Amino acid sequence: MRVVHYLNQFYGRLGGEEAAGTPLRMMDGALGPGVRLNELLAASDAAVVATLVCGDNFPSEQPETFRSGVRQAFEALHPDVVVAGPAFNAGRYGLASAQVCEIARQLGTPSVTAMHVENPAVSLHRRDLVIVPTTATASGMQTALSTLARLAVHLAKREPLGPPWVDGYLPHGFRRVELRDAPAAERALNMLAARLRGESFQTEIPLPEITRVEPAAPVADLKTARLAIVSTSALVPHGNPDKLRQSYSTEWRQYSLDGLSALEPGQWESIHGGYDTSAANTNPHLVVPLDALRALEGSAYGQLHPAYFVTAGVGTPVSAAQRMGGEIAAELLKAGVQGVILTAT
Amino acid sequence: MSAELERRGLPTAMISALPPVALELGANRVVRGVKIPHPCGDPTLDAATDRLLRQRIVCAALDGLSRSISEPTMFEPG
Amino acid sequence: MRLELASFPVSEVAFGAATRLDGSRLEVSRHDMTQAVAHPAIDGVDLEVIHPGESVRITQISDVVEPRIKVSGSGQVFPGLLGPVEAVGAGRTNRLSGLAVLVCGEVPWLGASGLFVPRDNFLDTDARGAEFTPHGQTINLVLRLGFPAGHTHEEYQRAVVLAGVRAARTLAAVTLTVPDAPADVVMRDLADVRPELPRVLYAYQVQSQGVFMRTYLYGRSLDELLPTLVHPNELADGALVAGGLGGGAVKLTTWLHQNNPIVDGMYRRHASEWNFGGVILHRGHYYQYEDKQRVALQVARAAQLLRADGVIFSLGGGGNNITEVMLAIQACERLGIKTVLLAWEHAGPAGADYPLPFAVPEAVAIVSTGSMDEPVELPSMQRVAGAHAIRTRPEVGGLPLAVDGPLQLPSRYELFGDANPVGWQRTGCREY
Numbered sequence: 000m001r002v003v004h005y006l007n008q009f010y011g012r013l014g015g016e017e018a019a020g021t022p023l024r025m026m027d028g029a030l031g032p033g034v035r036l037n038e039l040l041a042a043s044d045a046a047v048v049a050t051l052v053c054g055d056n057f058p059s060e061q062p063e064t065f066r067s068g069v070r071q072a073f074e075a076l077h078p079d080v081v082v083a084g085p086a087f088n089a090g091r092y093g094l095a096s097a098q099v100c101e102i103a104r105q106l107g108t109p110s111v112t113a114m115h116v117e118n119p120a121v122s123l124h125r126r127d128l129v130i131v132p133t134t135a136t137a138s139g140m141q142t143a144l145s146t147l148a149r150l151a152v153h154l155a156k157r158e159p160l161g162p163p164w165v166d167g168y169l170p171h172g173f174r175r176v177e178l179r180d181a182p183a184a185e186r187a188l189n190m191l192a193a194r195l196r197g198e199s200f201q202t203e204i205p206l207p208e209i210t211r212v213e214p215a216a217p218v219a220d221l222k223t224a225r226l227a228i229v230s231t232s233a234l235v236p237h238g239n240p241d242k243l244r245q246s247y248s249t250e251w252r253q254y255s256l257d258g259l260s261a262l263e264p265g266q267w268e269s270i271h272g273g274y275d276t277s278a279a280n281t282n283p284h285l286v287v288p289l290d291a292l293r294a295l296e297g298s299a300y301g302q303l304h305p306a307y308f309v310t311a312g313v314g315t316p317v318s319a320a321q322r323m324g325g326e327i328a329a330e331l332l333k334a335g336v337q338g339v340i341l342t343a344t
Numbered sequence: 000m001s002a003e004l005e006r007r008g009l010p011t012a013m014i015s016a017l018p019p020v021a022l023e024l025g026a027n028r029v030v031r032g033v034k035i036p037h038p039c040g041d042p043t044l045d046a047a048t049d050r051l052l053r054q055r056i057v058c059a060a061l062d063g064l065s066r067s068i069s070e071p072t073m074f075e076p077g
Numbered sequence: 000m001r002l003e004l005a006s007f008p009v010s011e012v013a014f015g016a017a018t019r020l021d022g023s024r025l026e027v028s029r030h031d032m033t034q035a036v037a038h039p040a041i042d043g044v045d046l047e048v049i050h051p052g053e054s055v056r057i058t059q060i061s062d063v064v065e066p067r068i069k070v071s072g073s074g075q076v077f078p079g080l081l082g083p084v085e086a087v088g089a090g091r092t093n094r095l096s097g098l099a100v101l102v103c104g105e106v107p108w109l110g111a112s113g114l115f116v117p118r119d120n121f122l123d124t125d126a127r128g129a130e131f132t133p134h135g136q137t138i139n140l141v142l143r144l145g146f147p148a149g150h151t152h153e154e155y156q157r158a159v160v161l162a163g164v165r166a167a168r169t170l171a172a173v174t175l176t177v178p179d180a181p182a183d184v185v186m187r188d189l190a191d192v193r194p195e196l197p198r199v200l201y202a203y204q205v206q207s208q209g210v211f212m213r214t215y216l217y218g219r220s221l222d223e224l225l226p227t228l229v230h231p232n233e234l235a236d237g238a239l240v241a242g243g244l245g246g247g248a249v250k251l252t253t254w255l256h257q258n259n260p261i262v263d264g265m266y267r268r269h270a271s272e273w274n275f276g277g278v279i280l281h282r283g284h285y286y287q288y289e290d291k292q293r294v295a296l297q298v299a300r301a302a303q304l305l306r307a308d309g310v311i312f313s314l315g316g317g318g319n320n321i322t323e324v325m326l327a328i329q330a331c332e333r334l335g336i337k338t339v340l341l342a343w344e345h346a347g348p349a350g351a352d353y354p355l356p357f358a359v360p361e362a363v364a365i366v367s368t369g370s371m372d373e374p375v376e377l378p379s380m381q382r383v384a385g386a387h388a389i390r391t392r393p394e395v396g397g398l399p400l401a402v403d404g405p406l407q408l409p410s411r412y413e414l415f416g417d418a419n420p421v422g423w424q425r426t427g428c429r430e431y
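Residue numbers (numbering that gives the first Met the number 0), protein chains in the order written: chain U, 0 to 344; chain B, 0 to 77; chain F, 0 to 431.
Next up, chain U with everything else stripped away, as it sits in the complex (with noise of 0.2 Å):
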């Protein structure tokens, strides 16, 4: 089986820092690490036929040609497994291997890559690619290796890989169900124990990172803005015409304001499956607070916008609350709204 290694220019032995420029070029066999991967290798029937090296900075600097020149490699070498790495905790080497993965998986040939697990390229690459955690420096190069060298054999043979804890790379980030040794309690009972005795335990759901999102700049003229209001507490025309789903909603409705001074009761209901809904069907506003916004229209503000968008914030995935909110957005900023009221319930 036939095997193309990627490497940079420190492990390709072409420099440090100051090579970081070389432009991409293919070496005959192994090189470097990759000697050792080969050796790895030749038990399973397979070796390293080829080792692209590059500098680190060149796939930036030239992405096409970088692009372009991964491509006619793997053409021109027809691999059954492109490995890449190991990039350990280096940014730069870390998201090229993972491109040069990415290509490897357009033209339909398995890859597999190593790097540490805060590397960047990670959390950019993890759903799509099969990613080795090593250490942050090259102490671990021979334990990624041999991860490298027997994964890499799976894949080219194109057997499926087993699970993430068993068969040694990056979980994607997809959660599923199964049963498992013991009851939950039961393995909850274990981890308190553990706990108290001061014995490792492992987390079976992982706190979360922290995505931030730089603040949009403010309105600028608040006095001649247009303003929209969004709502997630699935206030709708009474009788939800459009059929709202009151949980799990992955879809968003729109309904004119053009004309209404406020929200008569009986006229709207909320229909949202997460809270106590008696409230705002008696007084709408408490939930969408169109009184107050045309109390203030015209003078606290500009004008507000005649559509008003609505869904139910209950068991949304954040997947689909994104892809809501972004296409939300395309309608309000077609049509020239500044900024956003968002009601949550």
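Derived by calculation from the structure, the hints in this document are not laboratory data.
Since the structure is predicted, the reported quantities are computational estimates derived from the model, not experimental observations.
All the pointers check out, no bait thrown in.
Where chain B lies over chain U, by a calculated footprint (3+ residues, C-beta under 8 Å):
1) 203-217
2) 275-284
3) 288-301
4) 332-339
Ideal Cβ placement from N, Cα and C applies to all residues, glycine included.
Place chains B and F on chain U using the hints.
Here is chains B and F on its own, set in the frame of chain U:
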């Protein structure tokens, strides 16, 4: 959702009864709402007082929209 | 406060002229059951028995109760609901083990909507679906209640909760006159401690907000509950009763309050791994952030006053119920108390989103109890016990979902108890 609106360039003031949760979920401008089922007012107040409260909440939102901020910020209705 | 829990296992149930126990064979009188559930807001009950191994889809469940009765010690089971408010949790209590009473029926939707409607559900006693419930292994006595028009939700709810506890106690009464000794007797006593061991508590969250999601303690609804202390033996004697109508994946039943695996597990290791100190009972889903903060503060304060070294937390419902618990975990950890949380996951259909609606940095020890969102395929069962279609989508006026064939569900919300809130099942999520 408010994070996505901001990401597209629309400053968004979110009125929420659980401001710390909103801030953790990525909202940048959060106005403290009253209670989950009625963030924009209080049905236990008489109508006129409730309307005044609602105006204060909306004004806090407007204030949030017109401020330049560098990090997630909570705005209290005055 | 020492409780002896005496088990009389039931291996077979059949209907007969009288309600009596012969060895492990229980005969049930339809007349006795009909009398037990009688209430102005009920017109009739259909009875059905399902044994383990049968392949049945049971629909529209409001509660599950284990038959128990007190033999000695003060009070009677289900205190405050059946009989006076008298302390329970000591003396001897008999149980019919292996038997569960399921209170079912199509509770009318009276124009309520959103959260506040009886949510229809189902459970499977066989194949894949049985992985998500304890009741593939219990003999299930189904009481399918009929609800006449002309009553309020409060009245239907009262009828449902009383039906379950009355039927349960009526059945357990057979053990008072059998000649046989119980198959086993478990001693439950928190008093025997080993001072060198760490102290642990269980922070037990329940849901109680209105007529559809009500929990009772000594017969009082817990809608206004601020954290309180409960002895685990009180749970064994039915002081905590699930009074809601319908309910989905996150439902806690009376059966689970009686047979809570976290309580059982803490007792099993009492005076060997740790000293079990008691239960902090609290409710979540308060609507104002300050209320959630109060709950958290008081849970942590109770743990501190009881000198806890560790606390296990479980969730009483979905959505922002987790906020109270996370804030309480934060407060406990900051006091040096180690915590573990059992949590369901809400990571979307593909499992690609972050699984919890809210988390704090101090929640470093979490056990996953399964997913509420993952689509699931279930084969058809040999028969359906109850309505052959359940009502979904109340927000559009209700859409019937036929359940008599194989099912491909886009989420697990209608799967009764699937979220496994107190960790009975082996389900959990892993990341691929």
